[in-house]
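Undergrad: With the hints as constraints, model all of the structure from the sequences given.
Using UniProt numbering, read the sequence shown as starting at 1 and increasing by one per residue.
Bear in mind the hints are in silico, worked out from the structure with no lab data behind them. Among the hints, a few may not be true.
Said to hold, decoys possible - Here are the simulated DSS-like pairs of lysine-lysine, each with C-alpha atoms no more than 25 Å apart in a straight line:
{"id": "1", "residue 1": "K396", "residue 2": "K375"}
{"id": "2", "residue 1": "K375", "residue 2": "K397"}
{"id": "3", "residue 1": "K116", "residue 2": "K9"}
{"id": "4", "residue 1": "K6", "residue 2": "K112"}
{"id": "5", "residue 1": "K116", "residue 2": "K13"}
{"id": "6", "residue 1": "K397", "residue 2": "K330"}
{"id": "7", "residue 1": "K107", "residue 2": "K6"}
{"id": "8", "residue 1": "K396", "residue 2": "K235"}
{"id": "9", "residue 1": "K235", "residue 2": "K330"}
{"id": "10", "residue 1": "K108", "residue 2": "K13"}
{"id": "11", "residue 1": "K330", "residue 2": "K231"}
{"id": "12", "residue 1": "K466", "residue 2": "K396"}
{"id": "13", "residue 1": "K375", "residue 2": "K235"}
{"id": "14", "residue 1": "K397", "residue 2": "K235"}
{"id": "15", "residue 1": "K108", "residue 2": "K9"}
These figures come from a predicted structure and were not determined experimentally.
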Amino acid sequence: MSIHVKVQKFGSKLSGMVIPNLGAFMAWGILTAIGVATGSEMLKSFIGPMLNYLLPLLIAFAGGRAVHGYRGGVIATVATMGAIISSDITMFIGAMIMGPLSAWILKKFDEKIDGKIPTGFELLINNFSIGIIGALMALFAYVAVAPAVSSVTTVLAEGVDYLINYHLLPLTALIIEPAKILFLNNAIGQGILSPLATLQLAETGKSVLYLLESNPGPGLGILLGYMFFGKGSSKASSYGASVIHFFGGIHEIYFPFVLMNPVLILPLILGGMTGTFILTMTNAGLVGVASPGSIITIMMMAAPGDHIKIIIAVLAAALVTFLTAIPFIKRAKNNDEALQQAAVKMEGLKGKKSSISSVFAEKETNDFDFSQVRKIAYACDAGLGSSAMGASVLQKKINQAGLEDIQVFHIAVPELPTECDIVVTHKSLMERVRENQPGAYYVEIVDYLNAPEYAELIDHLVESRKEK
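TA: Here it is as structure tokens:
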């Protein structure tokens, strides 16, 4: 497994604890924004308890449940309470540590006593195991984990303050923009920036860090470049992609346009720097997590009085990216072919060989009975954004082909294996999909909206039923 995939996998675990709870984050952000804007003491009374207790416990429960089901979620919340009450900072990072750790320990204990519990004592021992181990883990979190996390977080926060005070924060685009293209956006946004932004939020009432990864401006600039100067299918795809990216907040939609011409990372970096520079100079920020990174969500989470500042920063980032990308897009000779080869270039970055077409890993297409297909899983890193969109597109195409009995559903890669006949995923995630669900029929795509693999798959499905 490549280092990139390992980092991607680790980031997926972090984001997997946050993303399922984004609704709660948004509820907290809305209450905070309205409470601060109106001065309502009733609404303000929600801010502290939700931030310090509800959100960390939800994160812990999600992490624990991913490791050991509902029992893992329960012990995760118990253990995380030790970190919460031991510290005066929001324990998002502590929850990300204690949640999976305590659930893993309980899982190992359950495995040790499996089959050894006397009949009739199952409920008693199961409850006592959570109670005793949970209490010990809560004490451990109180004594050891919380102080360590507080120290590390303080150092990181001071580093962020240094970057902001010396106007160096725009340099983070050198890391963030290339990392996003490699599908590390969730790892950066949810695993690193959001916890640090929460600390800044507690001090200043808003944070610019929420906007570093979620700013849709640079991606919009790339898509605008293809709208005006692209060729063939890449030009046609850019119109719908720009709407999905900017208003839907699914940033993954523009990644293939960059992968077909990797030099476009440079305009992305320049656009990201521009947006962050304006945000820092105008002291703009959000009061909560903006996920997905839609301009609608960003406006909802904008701090009072910062809406115009943020719009200017987003549009400036898009404009700089658009203008600097024009020469590179014009120089591209065959965008249609390049779009199909984007996956190969991505795999080249990972040091692997690749194939454009849909593939079987352990089986050949001729050995697979497409007539029996009833469930298709569309997998992405978090199981919400790009996979939900891709599943919707594929389901519509399948229905139009008269195959209404086939269900396409979206799922996160970490939640595999699942009951399905075919797994569809982006090329960059295929290694992890194969690891989680070996022996399946895999369809690798590059373009979420107009992947030629969709038509190829549907042709196989239709032809197989004609033969029957």
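Undergrad: Each of the hints needs a verdict: does it hold here or not?
TA: Each hint tested on the structure:
{"no.": "1", "hint": "K396 x K375", "verdict": "holds (14 Å)"}
{"no.": "2", "hint": "K375 x K397", "verdict": "holds (15 Å)"}
{"no.": "3", "hint": "K116 x K9", "verdict": "violated (35 Å)"}
{"no.": "4", "hint": "K6 x K112", "verdict": "violated (29 Å)"}
{"no.": "5", "hint": "K116 x K13", "verdict": "violated (32 Å)"}
{"no.": "6", "hint": "K397 x K330", "verdict": "violated (32 Å)"}
{"no.": "7", "hint": "K107 x K6", "verdict": "holds (23 Å)"}
{"no.": "8", "hint": "K396 x K235", "verdict": "holds (22 Å)"}
{"no.": "9", "hint": "K235 x K330", "verdict": "holds (12 Å)"}
{"no.": "10", "hint": "K108 x K13", "verdict": "holds (19 Å)"}
{"no.": "11", "hint": "K330 x K231", "verdict": "holds (9 Å)"}
{"no.": "12", "hint": "K466 x K396", "verdict": "holds (20 Å)"}
{"no.": "13", "hint": "K375 x K235", "verdict": "violated (32 Å)"}
{"no.": "14", "hint": "K397 x K235", "verdict": "holds (21 Å)"}
{"no.": "15", "hint": "K108 x K9", "verdict": "holds (22 Å)"}
Violated hints, in rising order: 3, 4, 5, 6, 13; the structure is consistent with all others.
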